[in-house]
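Protein chains in written order, with the working numbering: chain G, 1 to 278; chain D, 1 to 313; chain B, 1 to 396.
None of these hints come from the bench; they were simulated from the model.
Bear in mind that the values here come from a model prediction, so they are computed numbers and not experimental data.
Warning: the hint list may mix true and false statements.
The calculated lysine to any residue pairs, modelled on SDA-like cross-linking and capped at a C-alpha distance of 25 Å, are [said to hold, decoys possible]:
hint	chain 1	residue 1	chain 2	residue 2
1	B	LYS102	B	VAL120
2	G	LYS113	B	GLN241
3	B	LYS285	G	GLN42
4	G	LYS113	D	GLY70
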Amino acid sequence: MPISGMVALAIGALYFLVPVFATIKFSVEQGHAGFGLQAYRQIFDDPQFRHTLWFSVQLALETTVVTMALMVPTVYWVHLRLPKIRAAVEAVTILPFVVPPIVLVVGLFDFFKSFSPDWLLQDFVFSPKFLVCAYVVLSLPFVYRALDAGIRAVDIQTLTEAAESLGASRSRTLFRVILPNLREAVLAACLLTFVIVLGEFTIASIALYQTFPVYITTIGSAQAYPAAALTVISVGLTFVAAAIFLVLGRIGLRKRRTALAAGMTSVAPAAVAKLGEA
Amino acid sequence: MGPEGTGAVTLSSIVAERVDTVAAPGPLPRARRRAPLAWLGAAPFFVYASLFLLLPAGDVLLGAFRSEQGDWTTANVRQLFHAEYLHAFENSIRISIYSAVVGGLVGALICYAALHPGAPRWVRTVFTAFAAVASQFGGVPLAFFFISSIGTLGVVTQFLKDWMGIDIYAHGVTVFGFWGVFLAYVYFQIPLMLLVLAPAVDGLRAEWREASESLGADALTYWRSVGIPVLAPSFLGAMVLLFGNAFAAQATAYALTSGGYNIVPLEITNVLNGNVVSDPHFGQALALGMIVVIAIAVLIYLPLQRRAARWMT
Amino acid sequence: MSVRDSDIEDAWGGFLEERVSRQSLLRRATLLGMGAVAAPAFLSGTSAFASETLPTSGKAMSLADLVSKAQKEGTINTITLPPTWANYGEIMKKYQSKFRLKLTDTIPDGTSAQENAAVVSQKGSKRAPDVLDVGPSFAEIGRKQGLYANYKVSTWSTIPANLKHASGAWVGDYWGVISFGVNTDVAKTVPASWSDLKDPAYKNMVALGGDPRQAGEAFAAVFAASLANGGSLDDIAPGIQFFADLKTAGNYITTQATSATKASGQTPIVCGWDYLQLADRDLQKGKVNITVGVPTNGVYGGYYCQAINKTAPHPYAARLWQEFLYSDAGQLLFLKGYTHPARFADMSKRGIVPKALLAKLPPAQDYKTVKFASVDQITKAGTVLAAQWGPKVLGQ
Chain G
1 MPISGMVALA IGALYFLVPV FATIKFSVEQ GHAGFGLQAY RQIFDDPQFR
51 HTLWFSVQLA LETTVVTMAL MVPTVYWVHL RLPKIRAAVE AVTILPFVVP
101 PIVLVVGLFD FFKSFSPDWL LQDFVFSPKF LVCAYVVLSL PFVYRALDAG
151 IRAVDIQTLT EAAESLGASR SRTLFRVILP NLREAVLAAC LLTFVIVLGE
201 FTIASIALYQ TFPVYITTIG SAQAYPAAAL TVISVGLTFV AAAIFLVLGR
251 IGLRKRRTAL AAGMTSVAPA AVAKLGEA
Chain D
1 MGPEGTGAVT LSSIVAERVD TVAAPGPLPR ARRRAPLAWL GAAPFFVYAS
51 LFLLLPAGDV LLGAFRSEQG DWTTANVRQL FHAEYLHAFE NSIRISIYSA
101 VVGGLVGALI CYAALHPGAP RWVRTVFTAF AAVASQFGGV PLAFFFISSI
151 GTLGVVTQFL KDWMGIDIYA HGVTVFGFWG VFLAYVYFQI PLMLLVLAPA
201 VDGLRAEWRE ASESLGADAL TYWRSVGIPV LAPSFLGAMV LLFGNAFAAQ
251 ATAYALTSGG YNIVPLEITN VLNGNVVSDP HFGQALALGM IVVIAIAVLI
301 YLPLQRRAAR WMT
Chain B
1 MSVRDSDIED AWGGFLEERV SRQSLLRRAT LLGMGAVAAP AFLSGTSAFA
51 SETLPTSGKA MSLADLVSKA QKEGTINTIT LPPTWANYGE IMKKYQSKFR
101 LKLTDTIPDG TSAQENAAVV SQKGSKRAPD VLDVGPSFAE IGRKQGLYAN
151 YKVSTWSTIP ANLKHASGAW VGDYWGVISF GVNTDVAKTV PASWSDLKDP
201 AYKNMVALGG DPRQAGEAFA AVFAASLANG GSLDDIAPGI QFFADLKTAG
251 NYITTQATSA TKASGQTPIV CGWDYLQLAD RDLQKGKVNI TVGVPTNGVY
301 GGYYCQAINK TAPHPYAARL WQEFLYSDAG QLLFLKGYTH PARFADMSKR
351 GIVPKALLAK LPPAQDYKTV KFASVDQITK AGTVLAAQWG PKVLGQ
């Protein structure tokens, strides 16, 4: 690697890691009392830490499932058959950025209360399921972008045609042929959704739910050292969770990769063959 | 499908076939018979978006034109054009563009370095996992990151003062203004670009690089003919995402500058969700302004992206 | 703590006995009346609970009745009550243990606007907030929008007139003043007055808890600075000018001051509520040395208001909460949190304020010149500040 590359990497590493170390340093400081892990102990002993973390993880998993179920078929279908409305879909997925969370959540409650019968209100609107639905909306921009990037790299027209000419139904095509090719994109989208929900504060707080980010902010404004400890803990937990997720997502990938490679060469044989000839 | 009849085989033509079919407009013959039904495929998305985004947010558009008493008015929208609110829009757009461009370019470079075919598996996992953490970082913890690093008593500030004799604060450098907010925003923009571009970088087949080299092309040619054209549409889309992400962010800027670097989301919070003044309809007018800005950004981006996708055609 | 909890327990016991004996006659009458109402309601199949109108005064119902009705509800939802704010942590715990009710607090860091918004958007939900603690201007907004139930606690008459609304829609619970909280490990000397803040030794040291256009505490600090620099409760402009000058001099930094930035020394001098800074001083004892002092001039007082949600899911628990807060015991708990409770004047007159508790606050004469703004004055000043803070102080 050239020197300029190494210098760039070093500066990059410093930029990203120095703040983490500075916060770690602060979290183990006890001022006049020297150094210690009291702040960490305080956090781990707090039952709210466990409750809110588990609650947020559940929300994150549910949001990921719903978002994938909604967006993967949509992105596939829009790229395959409806390229003209792709622009409309993209525009809609950008909208969550411009509607401030405060406005969105108040609007959501107003809108649903205006037509919901009482059972729907109690079982859905005033339950965490509503929060999941709002989170799906929040993750739309990121998920669409990741899936879109992945799908552009795959020749879905040919793959779909090939699968259907072999007699596969549409859903079979989607699950057995397209999805394996989109594995990396789906992984990226799931990961994005997961961390978005674990980090979302405004909507949860306005809807009066005690999620992990709400807990972090509560501690953050009231107590100096535990706040820093909590930041370090949440950074560590998220990093480990993301790493596990990525590794798990790749189990069996190598086997499928070789099978797919064989499949790919059969799909675009002429191109590769010509390469050999040239 | 095949490249018969194309005569000379060039690298770009091989790639062009794949890009072309993906970007080709118009449905296939078989689908034309089912064209009306095809719209159903996109229905779930639009129904969901209407229920949980468009209709609730439509409230905003209407509310911006209403007054406290309930009658229609343009006073709120006209107030948007006062100097300080125009300034807030200017600030918002500036920080969004700067952080999207810098974050996007650096993020794309790191993405390629860490994830290109051939990069070791562990590098990929570590970078992606850290990107997952850093991309959603913000607000008070992120501000604290920078305050504890380059604040007046920050680790880096002290280091520079004690070991190199440089007192950056004496020269007027401050973390509590545009540059502090910029540095903090880039902290989450770079990882976001990495995560969102990763699938596209994955789509760069190793065979293309090999083919390019076997045809005698150098790195520059490879990038010009293959790499950049393939990545361009996704890269542009990701940039819009970064722009929107920065545009909507507020907690970090607030924690660092308490409104000193004034951006539109903070103005909205002041009137909609604060402890001092309350002016909900003006808040909705500000949100309407935000929608207009993003709409313009998307309108600029869409034709660019279409162009990029048809680069080879 | 040097103040014995038994001091507060004594006050509480007296409260219970007094109420029961005074109200026992009324109680019997109420029970009879309720029986008369309940019978036909029961026969007609509707719930007696739903057909009752809720009491609008603490004197309309005996405490024992209120407690039993609240216990039937089983729980209370509060909102925006940080445990370290005015000793709410202990207050919430005591309420739960005394009455065997469950208490759920949400968004401890929320704003007054959010509280009112939650009342509206969560209407009909079992998780809607039952009671609120909002700033006065938002209490007025909520009252005008019909969000609150009128309720006058049994100790209503002992609360000063300028701290309550005559209808009973909202009532002030405690007040404090803007003070200087100083990390003396970093700032070697403690400023005594607002003009001291201009000292060049305090370069890059003075901060507020947020943007005065958004954060009530920061707004109050600007008001206080105005009082010290020739302004008045009708004129906040000198305060804005003061901070503009302080920023030009380089003393005022716009970082949001938090407990962490104070402890780390990043914002060693913070202008904020005395009760918050005193509580923070206690929290940081042993790690960081913090001194809190009331400025010698420009003493601005701010109070917060209790209100009951008109559509509260647990209306009796809500009223019991207010009865608890405004009892002697409850007010002393607020005092323990370094605030001046609303009934402070009445309690000191009756001599029931423990001296040890009083000694922990700054001396009484520091508070002599305290000024409170009316809701109109606050609203007007807020508008002026929102327009001028950006251009004058931040150079926008």
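Given hint GLN42 (chain G) paired with LYS285 (chain B) - CA-CA distance at most 25 Å: Given pair LYS285 (chain B), GLN42 (chain G) holds - Cα atoms ~16 Å apart, limit 25 Å.
Pair hint outcome, LYS113 (chain G) versus GLN241 (chain B) [Cα-Cα no greater than 25 Å]: The given pair, whose Cα atoms are some 47 Å apart, is violated under the 25 Å limit.
Given pair status - VAL120 (chain B), LYS102 (chain B), alpha carbons within 25 Å: Given pair LYS102 (chain B), VAL120 (chain B) holds - Cα atoms ~23 Å apart, limit 25 Å.
Hinted pair LYS113 (chain G) and GLY70 (chain D), Cα distance within 25 Å: holds, 20 Å
When the structure is compared with the earlier hints, a violation turns up for hint 2 alone.
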